[in-house]
Each structure stands twice: as C-alpha cells, then as structure tokens.
Amino acid sequence: MQTNEIDVRVREILRLALKTDVPEEGSYAREDDPNWDSLKHVEMIFMLEDEFDVQFAEDDFAKMGSVAAIVALVEANHAA
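Okay, so the sequence shown: first residue is 1 according to the UniProt record's numbering, each after it adds one.
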C-alpha cells in the first residue's frame, strides 16, 4: 500500500472518529481539533487497527498526534 493511499484512509478514519472536517491534504494534528480528546484518540486507534489490519504498541499511542505520524506508524507496522 502506498503512502498516499494510507493518508487518504487515515483522514477518512479521522473524519469518522472526530465527526469533523479533516482537510484532504496538508498537515492536521491533534492540537488543530478540540474534538480530538483521549476518548476519540482511543476510538480512532481501534478503527485504524481494524482498517489496516495492524496492532499498535502502547508506546505508539502517544506518537499518533498527527496525520503524518499516523501514516508513518501504519507504514512501519505494515513493514514489520
């Protein structure tokens, strides 16, 4: 799976989890959205794991603060 495909799917998951508009491109981070609280963060992680058939380590949870970081973690987990 290519990076741009992962990016599109991550943004769609964020839209669903946060119930808000997420830009189709460019940076988007946790501090950009007041809806992105700890509960939504966990919900989003479960959705990402289901969508990409990956299992994130607990250490990864705190690193998932932006679209770019999430895409990188998905790619790293796919490569593993």
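These aren't lab readings, by the way, just hints derived from the structure by calculation.
What you are looking at is a predicted structure, and each value in this text was computed from that prediction instead of being measured.
There's no promise every hint is true.
With a straight-line cut-off of 25 Å between C-alpha atoms, the simulated DSS-like cross-links for lysine-lysine are [as the list claims (entries may be wrong)]:
hint, residue 1, residue 2
1, Lys-19, Lys-40
2, Lys-63, Lys-19
3, Lys-40, Lys-63
Taking the hints in turn, this is what the structure says about them:
no.	hint	verdict
1	Lys-19 - Lys-40	10 Å, holds
2	Lys-63 - Lys-19	21 Å, holds
3	Lys-40 - Lys-63	15 Å, holds
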